[in-house]
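Protein chains: 2
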Amino acid sequence: MTANDVEGAVAATRVISSESGSTAAATAPQTPPPPPYRPHPLGPITAAEITHSAKLIRASWPESVDCHFKAITLLEPAKAELIPYLTAERAGQSPLDIDRRAFVVYYLRRTHNLHEAVVNLTKNTVESNVKLGPFMHANADGEEIVAVEKALLSHPDVLAELAKLKLPPGTEVVSDPWIYGSDGLKTEKFYDDKRLMQCFLYMRDPLNSTEADSCHYAFPLPISPVLDAATLELIRIDILPTGLDEKVKPLAPWVPVKGNEYIPEAQTLRTDLKPLHVVQPEGPSFKVENYSEMGRLISWQKWDFKVGFNQREGMVLYDVHYDNKPLFYRLSLSDMSIPYADPRHPFHRKAAFDLGDAGAGIMANNLQLGCDCLGSIYYISAVLSGSNGEPINMPNVICVHEQDAGIGWKHTNYRTNRAVVVRNRELVLQTILTVSNYEYILSFVFNTAGDLTYEARATGILSTQPVDLDLTQTPHPYGTVVHPGVLGSFHQHFFSLRIDPMVGGHGNSIVYDEAVSIPRDPKLNPHGTGYTVQKTEIDTSGGYDLDTSKNRVFKIVNPAVRNTVNGAAVGYKVMAPPVQPILADKDSFHYKRAEFADRSIYVTRYAEGELYSGGLYTNQSRGGTGVRSWAERHDSLKAGDPVLWVQFGINHIPRVEDFPVMPVETLRVMLRPVNFFDRNPALDVPPSTQAVNCSVGLNPTLESSVNGLTLGGEDGKASQCCASHGGA
Amino acid sequence: MTANDVEGAVAATRVISSESGSTAAATAPQTPPPPPYRPHPLGPITAAEITHSAKLIRASWPESVDCHFKAITLLEPAKAELIPYLTAERAGQSPLDIDRRAFVVYYLRRTHNLHEAVVNLTKNTVESNVKLGPFMHANADGEEIVAVEKALLSHPDVLAELAKLKLPPGTEVVSDPWIYGSDGLKTEKFYDDKRLMQCFLYMRDPLNSTEADSCHYAFPLPISPVLDAATLELIRIDILPTGLDEKVKPLAPWVPVKGNEYIPEAQTLRTDLKPLHVVQPEGPSFKVENYSEMGRLISWQKWDFKVGFNQREGMVLYDVHYDNKPLFYRLSLSDMSIPYADPRHPFHRKAAFDLGDAGAGIMANNLQLGCDCLGSIYYISAVLSGSNGEPINMPNVICVHEQDAGIGWKHTNYRTNRAVVVRNRELVLQTILTVSNYEYILSFVFNTAGDLTYEARATGILSTQPVDLDLTQTPHPYGTVVHPGVLGSFHQHFFSLRIDPMVGGHGNSIVYDEAVSIPRDPKLNPHGTGYTVQKTEIDTSGGYDLDTSKNRVFKIVNPAVRNTVNGAAVGYKVMAPPVQPILADKDSFHYKRAEFADRSIYVTRYAEGELYSGGLYTNQSRGGTGVRSWAERHDSLKAGDPVLWVQFGINHIPRVEDFPVMPVETLRVMLRPVNFFDRNPALDVPPSTQAVNCSVGLNPTLESSVNGLTLGGEDGKASQCCASHGGA
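From first to last, the protein sequence lines are chains A and B.
Taking full-length UniProt numbering, the leading residue of the first sequence gets 1, the next gets one more, and so forth.
Taking full-length UniProt numbering, the leading residue of the second sequence gets 1, the next gets one more, and so forth.
Note that these hints are calculated values from the structure, not bench results.
Hints are supplied without guarantee of correctness; some may be wrong.
To be verified - Here are the simulated DSS-like pairs of lysine-lysine, each with C-alpha atoms no more than 30 Å apart in a straight line:
| hint | chain 1 | residue 1 | chain 2 | residue 2 |
| --- | --- | --- | --- | --- |
| 1 | A | K194 | B | K523 |
| 2 | A | K535 | B | K523 |
| 3 | B | K325 | A | K586 |
| 4 | A | K194 | A | K249 |
| 5 | B | K194 | A | K523 |
| 6 | A | K550 | B | K550 |
| 7 | B | K586 | A | K325 |
| 8 | A | K535 | B | K586 |
| 9 | A | K79 | A | K166 |
| 10 | B | K325 | A | K274 |
| 11 | B | K258 | B | K189 |
| 12 | B | K258 | A | K258 |
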């Protein structure tokens, strides 16, 4: 292949095809039975609505047409409709109902004909139903992944290649499906205009091949079949380079190496980690109500918000208030991009968009009591859609619990020796997604001081690739050898958090502050010690960088609402960790596709449908749609409807310690009030006392006097509280 | 005053004065009775040793001389002596005893004659005893602060100025002592060569003046007396500028404003925060032993380390191992600097070095069970020295406990749906210091994955200053109005963590890695997606910056010890948050004194006595000693004895929410293994199970079936474990 084979990025288009289904159903199915809850415009789609949406779409086609559904999800109402609804609702008035709509994405089964439809569930009609243009592809789904694996592992060409490895008899070969990252090539065997899957093959430890949970990532094979995701046709088989350069060697017999298991029965487990329980004898401090059949309204410590859940973003928060003061209209993880460093064919196509290519919702774990969360746990379940248009039960996709987060504030008056100390209580909403090899633990964390934190923990297993055994102890230019014959290649993780704010109400502005030295001046700064803060208002949409050297802090402020103490525009600041921007060059598809991975901050003007910073369809996308493109409109933000996109992430240079499963790498973005309240909002949190906290003193009495001094290792009054809890 | 009055920084000198005490005691007191523990070279100084050191010093002077002791603390042995001792000790051999020495700093009472002595406690001799040269001043102490407050509040000149404010009858005026930050001025009334204190005056809320814990920081007064700390002589009274510029207005009658209390009885407390207990029914997982009378050896989850405590640094860790593998020889917070932004006289002198000027140990809080820590707590107490040379009992200065830190790692095999999840348990050693208005919560946090984190939480009360009431709603160039008439001025907090490493043993190197794009190349990087990692070895001592744009990561590596899997030098990386460097200009005293505040990373070659990055004597220091100066020696690091100094901090632009007491602002520096272990070191942590964790499911049964789908809100097996804990 040559550079001539590489097409430029072609903007995807949405065209109504002759093949498209009609928008008015010929014989519309009956409306579903009325739901047990009043429909709410932000209620996640229900099982009945999924089934009914699929029926309406099917009814728009001849009976012979088989639809492969990719998504049937809530189409949220336009902001102009929703704001009055939510305002009336909060005021205790009866809001005007808003039609509920489903957004449906589907293929005509076993074809590349992708359709996008809007179903009006209230009116029982299909409002639009269009075939999408070239270079637009829907997410992968579970049915497909299983089918692809089955097809390739029984394909004679693949078996012929595998035979060259002379694997031990009984070897179980396993395929990890991978999204085919666009590269714009266009030859007979190398193209990306059709939806493809590139599969990476592994095997279970031959010495442990009956163990279905054996870690196959310790046994990567140098064979990567590429299949057409629609037709399951084998396009070609890529052989992986396993040396230090791009050369591909002929397949050779496999050389035995040891395994590396993560399952507990393969370990000698520690025996000295004592149980630790979190107990709330009076129950939790939060309340959960249904605001719709599947939507949950949570109130806790002056916070209240609605929790939605959808296939793509997973957990979404709506209408977040503190003490009845509006803060955030909508909060969600908008997108993720994970471009890999290895430039060699075919690794250059490893660039996953786990939300758009798969879905944080549909990949959500069923969280288990006592395993994924600790303490007193409330679980939120969801219903999502399957490829057959039927609902999929998704139990326990979010766990809700409180946790202690150490001291929240303290002061000791040294004159009186009186200490006042308050603990920081947090409310955590946690969801975990598994995307094949990898896990993300994603949480919204609220605290008693008005802070709202988004936390991402990266864990799971590296997507490994083979490296020649004799290179095990040689530094590799594109990765770290994490096990004999196993390379964990470098990759970047970008998370994009979408913040649609209403701090103090709608009509917000985005500004940033910088701390700057004051030049020396005999009057103004005679000793060279002075500095001040400069404010910059962001007037038009655009991309921005963090800059620690200037202490640059981005803030969402409401110029129309002034702090009662000092008259500043009320605000929330964004405390985000800086991240190395995407390293792929600006002409690369990685860069073009990850429209958010070049800047820590994007600010756009709110526009309907602009929810996903990598664009609506990320799979084999080519760029040209996403937050960078929207920001480049240079929309005026003076009308006060900004959306803030905060990017953060990790450049993952694997360690041996990250294998066979990696300890969490944790990132946090905090939204923190700045001149929003009139004083510390946690002042009214009751002080931390032993009477409430029932801690247990461990110091043996013999330590209470050493060398004639009373050391008071243990507060004499300690054990009187809750003695029944015991202690060492 | 003019620029001509400003002296250049004069390097302080250590000279033996004619006034100096003799080094051999004429009549040495008897040795103290043998301690109940074998003396250990790293054992914190004991009460008997303090008393005896003071006796030896006093005995070196005529009886008429009164010594004002500033510090009597352990002088740790030289590394060359200590390493063989610790090595033998760990090998179970009998190490050769090392003489125990005390480091003694004292004044001849009510003079500026500062002395520094070394007492050999084993040999019962004074090994050195010298008078220190000009521009060297010891820390303030509690006795002094009380004396200064008393002197100024009864001084007729101060009372005369206060009278001009026409404060309400019965007003309680309070003085906050402040270290006098050097500015090099030298006139009759303005000088800094003698040890001074600048005091900021406040009053209690006149409507609440009998409440000793009323927050006087809401009532700053515009009067600042300056006293000689030795003689208590009033040098002058500074009147504070209260407008937007440097102009000082004549004192005018005080105008009533409301108070702002933080004490709970002044609040309407929340009533809906339910108790949350941390219970360890089988006791804690850690063990505490005495390695000396006052030293504690803690072992927990393969970690073991010695905990010391001294007046200046507070908590110190020695000889940190994991699974018997050496990691860190010594770890401590080395220094802190808090320079303020307001360039106006006298605020330009606000620059606190809370460790050197006061002491993290001597200012440590007496931690209370159930208040400062939650769960099963072990307290470590200490003995420090008082100004009279007698021991001071410091109970409960460190609390030790375990905490759950969420998920440690997880993987779900989507093929079998089996999830393996392990929680991250942490061991926390926490100490809290109060320096007048402000609190720092400082912790070492160990986890089950081989990570060691240093955490600093900043809380307490802003050091406020008055601002004209009519400027309350006007933006201020140097601060934030946090209450009517109250300015919280901008300031930077710099923390300096000293890491003396022995990763994999002594003989470490410091390197940094950067991730860099590979240029496009038809063979090497045909699609522009590639990147690699470049390593830079730090050969000579120097200062370095973090650089997120390059993903620059500093690592401590041991070139002589290779990872068994991939042959890389075993290492630990430093994950530190970037901080804006000090904003005071390079010619300012703030900059010169804070020798660590300009760089995130300093690397020096180990040298005896170089423990404090701002120098041994920070009070009214003038620079020229500290880590920047040591780094500028450009010592070769090839011999493998580097010390790593990690600086981090906050540029505190106050929010209204930070008053009257601020919610914690939390910073973390993590030391994380990189190719140190041969796999994830937390693999052997037992999986998280309900049987052990005893969580409580909160979902009401009615939610287990919605709309015909089994949503499984609660795992049926959940409540069988520990049902006695109850739940909502």
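Outcome of the hint check:
This hinted pair checks out: K194(A) and K523(B) have alpha carbons roughly 26 Å apart, not beyond 30 Å. Taking the CA atoms of K535(A) and K523(B), the gap is about 48 Å. The hint is violated against a cut of 30 Å. For a cut-off of 30 Å, the pair hint linking K325(B) to K586(A) is broken: about 45 Å separates their Cα positions. Simply put, K194(A) and K249(A) have alpha-carbon atoms about 29 Å apart, close enough for the 30 Å limit, and the pair holds.
Restraint check for K194(B) and K523(A): satisfied, since their Cα atoms lie roughly 26 Å apart, inside the 30 Å limit. Restraint check: the Cα-Cα separation between K550(A) and K550(B) comes to about 18 Å, which is no more than 30 Å; the hinted pair holds. This hinted pair does not check out: K586(B) and K325(A) have alpha carbons roughly 45 Å apart, beyond 30 Å. With a C-alpha separation of about 25 Å, the suggested pair K535(A) and K586(B) falls inside the 30 Å cut-off, and the hint holds.
Taking the CA atoms of K79(A) and K166(A), the gap is near 61 Å; set against the 30 Å cutoff, the hint is violated. For a cut-off of 30 Å, the pair hint linking K325(B) to K274(A) stands: about 23 Å separates their Cα positions. With a C-alpha separation of about 36 Å, the suggested pairing of K258(B) with K189(B) is violated against the 30 Å cut-off. With a CA separation close to 73 Å, the supplied pair K258(B) and K258(A) exceeds the 30 Å bound.
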